[in-house]
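Using the sequences and the hints given, assemble the complete structure.
So the protein lines, in turn, are chains V and C. 1 is the number of the first residue of the first sequence in my numbering; add one for each residue after it. 326 is the number of the first residue of the second sequence in my numbering; add one for each residue after it.
These are calculated hints, taken from the structure and not from any lab test. Where is the CB? At the ideal position from N, CA and C, for every residue including glycine. Heads up, some of the hints might be wrong.
[What the hints assert, rightly or not] Below, a sample of chain C positions facing chain V; criterion: calculated Cβ distance under 10 Å:
#, residue
1, ALA377
2, PHE415
3, TYR456
4, GLN466
5, ALA471
6, ASP477
7, VAL483
8, VAL623
9, ALA626
10, LEU668
11, ARG671
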Amino acid sequence: MSETMTLAKALNSGLRKALEDDAKVLLMGEDIGRLGGVFRVTDALQKDFGEDRVIDTPLAESSILGTAIGLAMRGYRPVAEIQFDGFVYVAFDQIVSQLAKMHARSDGHVKMPVTVRIPYGGGIGAVEHHSESPEAYFAHTAGLRVLTPSNPVDAFWLIQQAVVCEDPVIFLEPKRRYWDKAEVDIDATPIPFDSARVVRSGSDVTLVTYGPMVRTCLEAAAAAEADGTSIEVVDLRSLAPLDVETVTASVGRTGRCVVAHEASVFLGVAAEVAAVVTQECFYELEAPVLRVGGFHTPYPPSRLERLYLPDLDRILDTVDRAMAY
Amino acid sequence: MAIPSHPPDDSFVQLLTPEGERRENPDFPLDLDDDAVRSLYRDLVLVRRIDAEATALQRQGELGLWAQLLGQEAAQVGAGRALRSGDMAFPTYREHGVAWCRDVDPLTLLGLFRGTTNGGWDPEAHGFALYTIVIGDQCPQAVGYAMGMQHDGAEDAVMVFFGDGASSQGDVNEGFIWASVFNAPVVFFCQNNQWAISEPLERQTKIPLFQRAWGFGFPGIRVDGNDVLACLAVSRHMLERAREGSGPSLIEAFTYRMGAHTTSDDPTRYRLDSDVEAWRLRDPLERVRSFLHKQQLVDDAFFTELDEEAEVMAKRLRNGVRNLPDPQPADMFAHAYAEPNSLLTRQHAELDAYLAGFVPEEAR
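Structure follows, in structure tokens:
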């Protein structure tokens with residue numbers, strides 16, 4: 001059965017299914033119950049599953065994570081929402097020192113099937129702390145998995161796969177794409193959650209990206225085609241671990257690679273992709289791997305964010321530079 | 326109108342004086358048979374012996390570090406013996422006495438401080454969570470676990486341990502709030518040992534710690550932390566209260582860290598010998614020993630046999646720690662993730678290939 005839904009609605013449907021499938025699944029976060037979340041991702045779930053399973057918490061991110069860890073120790077499968085990307089740092093210690101390490105610390109006795117949902121990224125004209133891309137911090141931490149959907153179909157499946165995963169998952173939701181719509185076949189079989197996907201085939205250059213930038217990159221690829229450049233777009237979907245094979249297979253075909261993300265490029269996901277591609281595709285590369293992304297500045301006031309965020313032109317400018325070698 | 330000052334209240338619950346005199350407290354009646362008192366004394370002696378042996382093993386280079394509990398035996402044994410099998414304890418890194426009560430092999434603790442493991446026991450099997458080294462992190466976790474018990478409809482409770490230093494941490498205070506608003510079955514057990522490495526209690530609080538509880542909406546009580554009977558009675562009471570659905574409480578066990586913070590610390594740099602000597606007169610073991618003598622609950626053979634038992638245990642620890650197998654390279658990768666992880670698989674293979682490049686010692 002197929003249904004047209006927004007990315008936010010796809011997450012809502014995925015969470016609903018997770019709650020139906022396993023009584024141990026609990027949702028917790030600020031304003032997720034009666035209000036349904038500030039982005040309405042958890043709309044109506046408290047009404048249907050009760051206040052004990054969809055829990056409005058005190059405003060204390062560190063303890064949203066801390067109690068989720070305790071609940072996981074007790075056998076629950078908490079899905080914790082951090083309301084905005086810039087508020088997750090309050091919980092950073094519980095995530096990095098506890099959530100990520102508990103399974104190893106216990107020699108495998110204690111599983112941590114905790115999903116941490118975080119709306120992330122810019123482009124919505126927000127005030128400070130509401131537009132950040134913190135993925136590299138979490139991808140850098142052993143013990144965590146980092147997933148990010150770019151479209152409603154992946155959102156529907158990835159959130160369910162994150163919930164059933166026995167490892168802790170940082171689940172980054174591209175907030176400026178919450179209202180993008182697509183047809184979701186809810187009876188389909190999803191691809192593995194840790195695999196990337198070629199979302200557009202091309203022959204001249206591989207454009208690697210994820211989350212909110214996938215749509216921008218697809219638009220860039222469509223524009224480039226008119227100019228005679230064939231761009232292959234790879235949606236990483238999983239940032240930790242990376243699906244190295246899908247990326248290197250693509251670069252093996254095209255010989256060129258550009259990586260695009262909103263986060264600062266310095267020590268970002270693109271740096272890791274560039275290193276891996278250089279190592280694995282050294283003899284196929286016609287040009288150095290180039291990166292396009294945010295600058296090493298605090299996220300700017302929103303009237304400047306269109307300069308900070310890579311747009312179609314800046315991506316194509318980088319593609320042109322890769323093609324010029 | 327003058328602003329009223331907080332009522333001063335430094336009293337604590339004491340059921341056994343430092344001289345070994347029994348005191349009754351109508352709020353915390355404790356009816357123990359003779360065997361039970363003897364058993365508590367045995368716990369105290371053996372726990373102190375574990376601590377002494379581990380300290381010696383660190384000095385001999387067998388352990389990288391040891392966090393001493395000397396002086397806090399009564400607080401830990403009293404609390405630990407109040408727990409039932411279905412309860413869960415969340416320790417810091419100094420709760421060796423509680424670990425003892427929860428049947429965690431002291432050798433496992435030594436492995437942690439030797440560097441053969443970062444924990445390794447099964448919390449569910451022991452009702453004893455893993456040691457937490459980051460100060461206060463265990464508090465919200467304990468509350469989450471208690472919320473899970475509540476959700477399960479279990480009639481059990483959680484006891485979470487922390488110190489006076491941790492009482493300043495955000496996570497501890499957040500834990501108080503969550504426990505309060507969710508009415509979670511959790512007992513906060515603060516061992517106020519007066520020192521957070523070199524920082525005295527006065528740097529953490531202006532009021533007695535137990536009084537903070539009322540501001541969070543639940544009762545707090547101070548207990549003589551060197552009195553095993555008082556710690557047991559008050560812990561039992563508060564745990565039962567939590568199991569019955571009456572919510573959280575805070576116990577401040579007023580005690581003293583007789584040793585250093587850890588074997589890396591030098592307390593002579595920041596505190597007076599005279600203070601330590603004053604606390605020595607309130608030793609948690611001596612008062613039980615006096616009580617046992619005065620009540621003629623034991624004969625000399627009891628003490629001789631207990632000393633022998635402690636000696637046998639110490640010997641087992643000495644030999645055991647030296648024979649703890651070092652972890653293997655594969656152990657580093659084994660539990661980093663619960664599910665297969667392509668990055669880890671690749672890195673593990675790279676390390677194996679690198680290690681395979683060495684000529685085995687016996688082949689040289």
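Exercise for the section: Closer than 10 Å between Cβ atoms is the bar; does ALA471/C clear it against chain V? Give me holds or violated. Expected result: At about 7 Å, which falls below the 10 Å cut-off, the nearest Cβ of chain V leaves the hint on ALA471/C intact, so it holds.
Problem - ASP477/C as chain V interface residue, shortest Cβ-Cβ below 10 Å - result: It holds, given that the least Cβ distance between ASP477/C and chain V is near 7 Å, below 10 Å.
Handout entry: chain V contact restraint for ALA626/C - C-beta distance below 10 Å
Key = At 41 Å from the nearest chain V Cβ, ALA626/C fails the 10 Å test, so the hint is violated.
Exercise for the section: Go through the hint on LEU668/C and say holds or violated, using the shortest Cβ distance to chain V against 10 Å. Expected result: 4 Å, holds
Handout entry: Hint validity - GLN466/C Cβ closer than 10 Å to any chain V Cβ
Key = 4 Å, holds
Practice task
Double-check PHE415/C for me: the hint is only fine if its C-beta lies closer than 10 Å to a C-beta in chain V.
Solution key: Check passed: Cβ of PHE415/C comes within 8 Å of chain V, closer than 10 Å.
Handout entry: Interface restraint verdict for VAL623/C against chain V (beta-carbon cut-off 10 Å)
Key = Violated: closest Cβ of chain V sits about 40 Å from VAL623/C, beyond 10 Å.
Exercise for the section: Please verify that hint: VAL483/C, Cβ, nearest Cβ of chain V, below 10 Å or not. Expected result: 8 Å, holds
Handout entry: Interface restraint verdict for TYR456/C against chain V (beta-carbon cut-off 10 Å)
Key = Since chain V brings a Cβ to about 9 Å from TYR456/C, closer than 10 Å, the hint holds.
Handout entry: Hint check, ALA377/C versus chain V [nearest Cβ-Cβ separation less than 10 Å]
Key = 27 Å, violated
Practice task
Could you check if ARG671/C really has its C-beta closer than 10 Å to a C-beta on chain V?
Solution key: Given a least distance of 8 Å, the restraint on ARG671/C holds.
Going through the hint list in order, the structure does not satisfy hints 1, 8 and 9.
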